[in-house]
Each structure stands twice: as C-alpha cells, then as structure tokens.
Amino acid sequence: MELSNYKDIFVFVEQRDREIQNVSYELISKARELAEKNNEQVVAVLLGYQMDAQLETLIHYGADRVLYASNSELDQYQTEPYAQAFTQIVNTYKPAVVLIGATTIGRDLAPRLSARIKTGLTADCTSLEMSDEGDLLMTRPAFGGNLMATIMCKEHRPQMSTVRPGVMIKGEKDKTRTGVIESVEIQFDPSKFKVKLLETVKEAKKLVDITKAKVLVSGGRGVGTTEGFEQLYALADTLGAEVSSSRAMVDAGVISHDRQVGQTGKTVRPDLYFAMGISGAVQHVAGMEESDYIIAINKDSDAPIFQTADLGIVGDVNKIVPLLNEALKKERAKRSE
Amino acid sequence: MKIIVCIKQVPDTTEIRLNPETGTMIREGVPSIMNPDDKSGLEVALSLKDQWGAHVTVLTMGPPQADDILREAYAMGVDRAIHLTDRKFAGADTLATSQAIAGAIKQLEYDLIITGRQAIDGDTAQVGPQIAELLDIPQVTYVEQITKDGNQFTIKRKNEAGYQMLQVSSPCLITVLSSANEPRYMTVSGILNAYKKEVDLWGFDQINVAEEHLGLKGSPTRVVKSFTKGAKAMAQMHEVDTDKAVEIIVEKLKEKFII
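From first to last, the protein sequence lines are chains A and B. So that you can map any letter, position 188 of the first sequence is 188 in my numbering, and since no number is skipped, the others follow by simple counting. Counting from 1 along the second sequence, just add 1000 to a position and that's the residue number in my numbering.
Take these hints with a grain of salt, some might be off.
Claimed, not checked - EDC-like mimics (lysine to aspartate or glutamate), calculated; alpha carbons at most 16 angstroms apart, straight line:
hint, chain 1, residue 1, chain 2, residue 2
1, B, 1158, A, 271
2, B, 1252, A, 292
3, A, 214, A, 289
4, A, 319, B, 1247
5, B, 1252, A, 271
To be clear, the hints were calculated from the coordinates, so they are not data collected in a lab.
The whole structure should be built from the sequences, with the hints applied where relevant.
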C-alpha cells in the first residue's frame, strides 16, 4: 500500500429522512481542524436522494468539497447499498481519514466497510489528533471507560474512526465559505441486496433531547422509584431543566433510554448537572464529566461521583430534592415581587 | 436450522474501580462473565430452537479460562461448543479477531449467525459486522426480535427514533441487544452435565486463514498508549443536615446560575 497516495479527511454525512444529522456537522468541524495540520482538504460524502438543496450547508460548516451520490437506493440507510457506494468512493478518491458518526447507522456501516476495504477502524473516539506525518491519533475509552487507549493505524489507509454524537463541537456556520460540489455515479451490484426494508416505525413518545439541555437533573439508584423521579421532574420544572438518569434507572424501567447519560446512553455537557443519588460508575461519568458545573447529592460520602463533582452534598436525595424545590420557588417568587 | 452463536468472556466492567489516589485501574477481584449482549444472543438462539427446532453451536475465541462460558452455554442448552485458542490469535484487533472467527465459521454449516451487539470490555460493536462481511452474508445489527418465516427471517432492528422491520433470507448474521430478552438460567441437570461434554479446541491448523491476517500481525490498528484519566480534584464536600444542604445549593445556584 502506497500511503502517500491517500490524502484528505473524508466525513460520512449521515442523513435520515433526507435531513442531515447534527453529528455530521460536528465531524466536519473536527475534520477542519485535522485538515489544517497538514494542509489537507475536508471532503463531505453524502449518500442520499434528492438532497441537492442541502449541499451548500456542508460547505458553510467547513467542507472544501462535497461528493454527492444521489440514488433511490440510497434514500434510506441500508447496509449493502451504502457499503457498496462508500467502498467505490474510497477506492476512487483514496482518503487518508474517514470519520463516521457512531450512531445505529454509522456503527452498522463502518465495520462492514473496514472489513471490505481491509483497513483499521477505531470506534467511539473521544479525541482525534493529527501527527505531522499524517497519522491519526485516535483516543477512546475501554473497559467501560476505566481506561483510555490511544490507537493508530499506521500501515493502512484510510484510517477510519467513529465518534459519538455530542462528543465533538459543531462550529459556526459561515455562509461566505465556498467549495466544490461533485456528483458521483455509483455502480451497484443489486444481486447482493438481500435485506428488504418492510417498515420504519417512529415510536410515539414525547421527544426529549437531553443533549441540548442547559441544566440536567439526573437521577440514579438513590432516587430509586417513579415517585422519586416525580420529585426530580418537579425540580426540573422549576429550574427549566430536563430530567436524565443513570443506566440503573433505565434498566429498572423507571425512565426511558433516551434520557440515559453515559457510555451506553448519551454524552451531555450542560452548564449545570445535578447527580442525584448517582454513585458515579465510570460508565456514567464518561457521559457527563464535561459538564461545566456538577452538583452531586449522595448518602455515601465515599461515592465515586464526588471525585467528579464540583459541589458534593452527603445526604438523602429524596429528602433534599422536595425542600430544594420549595426553596427555589420561594427565591423565584422573591425575584418577581 | 443450524445456528452459530459467537460469545466472549469479559471482565465485569461494572465491578472495576479506579484507585482514587493513583488513578489506576484496580483489576484484582473483578469477575469474568459471559458478555451480556452475547448472552441475549444465545437466548435468541435457544428460543428459536425451542420454537422451530435447531442445532445451536457456540463459538468463542479467547484464552483457556474462556472455557467457563462454554460450559455455561452448555448448561443453558446448546448442542456444541467450539473454543478457538492459539498463540497465533493473540494481540488481535477487531479485524484480525473477525478473520479468525470467520475462518472457523467457514468450516461449519449455518443458517443463522448470532453475535451480541457489542462487548462491555471494548464496546466497539465491530466484530459482528466484520464477520458478516468476511463471510459475504448480509447483516442486521441492533436486533431486538427475530422470527422465522420459512426460509426467511423477519427482524426488528432498533434505532434512535424507534425501529425498522426487515426481512432477510438465510444465511445471515444478526447482532443482538441485551434488551431483546431475559436470558434463561442454567438448569440443574445442565450444570451437572456441562463439564462432561466435549468442547472442541480449535487452533490455527483448523481454520485455514493465512497467518498474516491473524493476531497482532493481522491487525491494522495498534494501541500506542493507554492511560487512566487520573484523579480529579475532589468536590467541595458538605456533610450537613437537610436544611443546611438546601441552603448551600441555593447559594451556589445564586452565585453561579439561573436564580
């Protein structure tokens, strides 16, 4: 493999229902930073159908070039058509780096691609750095977040990596940026299309996006029950916050998975994070440690959460929360007088 | 129907703690378990066997002590267990691991291959799809439900917003979520018999894969550094009565934030 033939940072642009997903903009912003190092380009690769109107946006967020494959086979994500399309693009354009969002789409596509292209893939990276030699330093958690490992893929190209949504920070949109848009024709082998999509179902639930909340009131085992969580919702209401949780409460069926923070849930970085009765297993901490300010309440003064928190209160969360809510309401009332 | 379930022995990462002074990982006393997603995958296979009849083989790659999870699988009701173990497989990243496992699977007959979505020690979710690619069969990941319909499977695949229903013909590979089911317990007679059963030990000679694709040599990725995040400064701690605690929090919120 002649490594020097491979250049530029490619980003797989994820679309759902023809809407570009936020994680793609986050990755383009990161790619911008990686590309500056050795004077490379950021190339956004969009596989979809009838999305011409959105291509400029990718440039506004930092792409120098957009490769756009428009085909009805690519309208909705399916493993094989996407793997064929992306493999063709890799073989034609020879990227040095490919970044993919670690979503249920990206984590389905990326390993399939890496085995087809026979290159290395590093999952769920939390930090990416470019060396002077063009090698990507990919850092990711292992052992449930207990250990961080920096991984390289020196002898193979492209260097592939997935990154979870919310881990990289989306840059500012610059409408004056210009770039090149290029259409790509894909040669499909439909004999390999063996999975048939019967139906896509969106589950009717109040959609909450805890990653966008400025304040999170997060409950764990110490809160324990649905009644306990009702107190958290009441407090969140007073604070204009959202309620989130640790994995234990999701497993117990007290709260839905879309509100789970941590390794197998969401990564959040609010201005203020309340860890209520959360012991602070590394898996949880991995998803919230970047919060600006963390207040933890726990009965156990040795709980690991206090090592991550800024303010620690040793006490019974179920007693403190209702009183705190009342106190805050009084403060509010005082202000509005 | 012939089903192969790939399982992995992992340290129970929920039991790992960091030494607060040094920030290093405490590995001692951490139990080894069958990876939870894999166990749910095994339950899917055994349920299909209950309903339709099937021959279920479990396959693991790992050091000699991984024998434990194969015995556990026997006690849950599988028909055959294969243990891939060889120094030539050591140091493998996900691709080289998948090469060895796919090589072993190529020696077997199968209609369905099941893996867990991901293992809790690495959380990569890569080996399942990589095996499928190396075997040139279709994959469905994040599976919560599967039913057999003649020569086809109807599969529920979870995603962020809900789920998709997919239809795929055999052979195929699925990766199963822990939320798919509650794995059954080992039966008493199963446990009694598990250690009497044969586990096939397979090494490099059994799988017909070139050495350059295996182990450290066959791994495109390398860990160049590993570290713990180290100890952060402890929180400013207050061990006070409830009223005082509320007062402290309110003051802090006033000072810093929204009220």
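Verify the proposed pairing of residue 1252(B) with residue 292(A), using a straight-line Cα cut of 16 angstroms. 14 angstroms, holds
What's the verdict on residue 1158(B) and residue 271(A), does the C-alpha distance respect the 16 angstroms limit or exceed it? 31 angstroms, violated
Keeping to a limit of 16 angstroms between CA atoms, is the pair of residue 319(A) and residue 1247(B) held or broken? Given that 16 angstroms is the threshold and the Cα spacing comes to 14 angstroms, the pair holds.
Given hint residue 271(A) paired with residue 1252(B) - CA-CA distance at most 16 angstroms: 13 angstroms, holds
Hey, residue 214(A) versus residue 289(A), does the alpha-carbon distance stay inside 16 angstroms? 14 angstroms, holds
Comparing the model with each earlier hint shows a violation of hint 1 alone; every other hint is respected.
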